[in-house]
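Undergrad: So the protein lines, in turn, are chains Y and V. Each residue of the first sequence is one higher than the last, beginning at 402 in the working numbering. Each residue of the second sequence is one higher than the last, beginning at 402 in the working numbering.
Calculated directly from the structure, the hints in this document are not laboratory data. Worth double-checking, as some hints may not be accurate.
If chains are identical, the list can't say which one is meant, so a pair holds when it fits in one copy or spans any two.
To be verified - DSS-like mimics (lysine-lysine), calculated; alpha carbons at most 25 Å apart, straight line:
(1) Lys603 - Lys616
(2) Lys692 - Lys552
(3) Lys616 - Lys406
(4) Lys650 - Lys719
(5) Lys406 - Lys706
(6) Lys569 - Lys454
Because the structure is a prediction, the values reported are computed rather than measured.
There are 2 protein chains.
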Amino acid sequence: MNEPKILIRYKSHYENELKNSLSSVDSQAYSMLRYCMGWEDIKGDLIDSHSGKGLRPSLCLFVSDATGTRLHLAAKVATSIELIHNFSLVHDEIQDLDEMRHHRPTLWTIWGKGKSLIAGNLMQIAAHNTINLIDFGDESSKISISNMLSKACIQMLEGQNLDLLFEKKDSIELEDYLHMISLKTGALLRASLNLGAVLNVKDTNIKNAIDQAGKALGYAFQIRDDILGVWGTEDITGKPVGADIRRKKKSLPIVHAMGCDSGKYANQLKEIYSNADISDAGVDQVLEIMKTLKTREYAEGLTEKYLQSALISFKESKVNKLFQDDFQELIEFLATRNY
Amino acid sequence: MNEPKILIRYKSHYENELKNSLSSVDSQAYSMLRYCMGWEDIKGDLIDSHSGKGLRPSLCLFVSDATGTRLHLAAKVATSIELIHNFSLVHDEIQDLDEMRHHRPTLWTIWGKGKSLIAGNLMQIAAHNTINLIDFGDESSKISISNMLSKACIQMLEGQNLDLLFEKKDSIELEDYLHMISLKTGALLRASLNLGAVLNVKDTNIKNAIDQAGKALGYAFQIRDDILGVWGTEDITGKPVGADIRRKKKSLPIVHAMGCDSGKYANQLKEIYSNADISDAGVDQVLEIMKTLKTREYAEGLTEKYLQSALISFKESKVNKLFQDDFQELIEFLATRNY
């Protein structure tokens, strides 16, 4: 599948800004951040970029492009969003003991947990600092953007906290799961679109349309991630099949399997999940139950539902047809992405 | 020893603001923060406050009081500083596996490392948010205060990172140690004074005098901490004698003992430190060497030197004599504090 245009077109805009924001050479800590971003190897030598998709900064710049002309400012805001996203990845990897990201060893496996914790914190402050240093022409824009980003961060952290609380619970209702992902993943994605619009759009209806598109996109993105967490194949995602089952993540597939058919399989699943470690046979049993319940089809249907909803909302923003086509292409990519 | 007036007088100002900033009841995450601040027990019930000394917010309010009248604004800035300080404590405790703070179990021992990591992050964003929400009347004050706080945070994290880098090194020069603590501990303490002055003081000489007082105070505070880390008695600090030796911290006493008398004992110390764990006998040997080298006297002398330097600089700020007396009382307290 070809990379959608939205993910290509704005890369050079935000990558330059990102590099500027982490260019300090005075401190070893910034080397860790540049490694994390995929620009340098362990020794600090430049490498061919191994960055992620850049979905969030691309969305911010795309919305800014579609609604106005202040793309050079949006590039700095987009940078800030990508730094926040990476801050959360670095800390998540420490917490989940993830050893690989994009086929590269994670920060903590190289520099240890203590220094990686600090590197994550530094990444977060670098994000706020990036906003602080933007010259918007008027100070009130800066303050409202800073507020929006802080709010998204707080929601993201609250979602992460809920996610951990859910791990200890026997079963989770769909509604609670959706609330959790709307914070954990949705808040920053939604903010990415809203922050692209904020400098350009005054019309409340258009603002709302973009906000609703971002909200729906957040659900779809996390549910697709949850699908990959169970059925993603190892050579694509770097995680073994059933990874999220083994980790007892209360992701959508297990939420569905637990609650489906009036919880017909709930007791069996709870028994498997009650073991300290879930064996290979246990993982297979869970996968078998999900097959019977058509859990994967359900999850893919839900992804599709939210993606369509995002598309409809985005249409209401009444931006130029060319941008609408770009958004549709992105939506199609997100529906079937394998990484 | 009586608590100095500076640490008592401003408590009510910042404590109310602190409580406001962490009052959200929607999210379990904030309960962790209120527990951390010493206001609630594990169940979320109110308790008699078990807060820390509040040195940083008190210093901010004290300087604001001594140089002007905008104490209500300084109280919010002071709140933000205290939140940053607590964010760093929460993460440090996870990293160092500290089980107690002020005779209470630390956050991670109750809620686990994952949720405590998140709680620390939330505390940090709450700090930035507190600044965002202040109505200074002019937006540029907000931005310069936000910049000062971010800069102090970045320096603090760089210092923490250096501290961890030093743990892996055989020996550390005094100069490198002083640079590290000027960042790790000094940056936020120094910012506490500077942030108290920034709203009131325009005169560069006065600004510099306060800044230099803060810088010297930072050195003195950390060196006193290092003394307590080795010789502090368990019932006062909650840490056993020799705690920092056992943890192989490159704190001032070991920096001194390694380098003293042309490194006469360096090899012996390195051999003890080369063991994966330092035994009780090893700790006693190190303490014995420090006794021979008068390391404690040296460290106390250095504390005294920096405290006197802080006092002299503060005098140059030319604030009212009553405030100078208050500052002197604080200095005397810090020279001999046991906690």
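Undergrad: All the hints need checking, so say for each whether the structure fits it.
TA: Going down the list of hints, with the structure as the test:
1. Lys603 - Lys616: within (19 Å within a copy, 46 Å between copies)
2. Lys692 - Lys552: Cα proximity of Lys692 and Lys552: none, with 39 Å in one copy and 53 Å across.
3. Lys616 - Lys406: Answer is within; shortest intra-copy Cα gap is 21 Å, inter-copy 52 Å.
4. Lys650 - Lys719: Answer is neither; intra-copy 39 Å and inter-copy 61 Å both fail.
5. Lys406 - Lys706: within (23 Å within a copy, 63 Å between copies)
6. Lys569 - Lys454: This pair counts as neither: shortest intra-copy Cα distance 32 Å, inter-copy 36 Å.
Checked against the numbered hints given earlier, the structure breaks hints 2, 4, 6 and satisfies all the rest.
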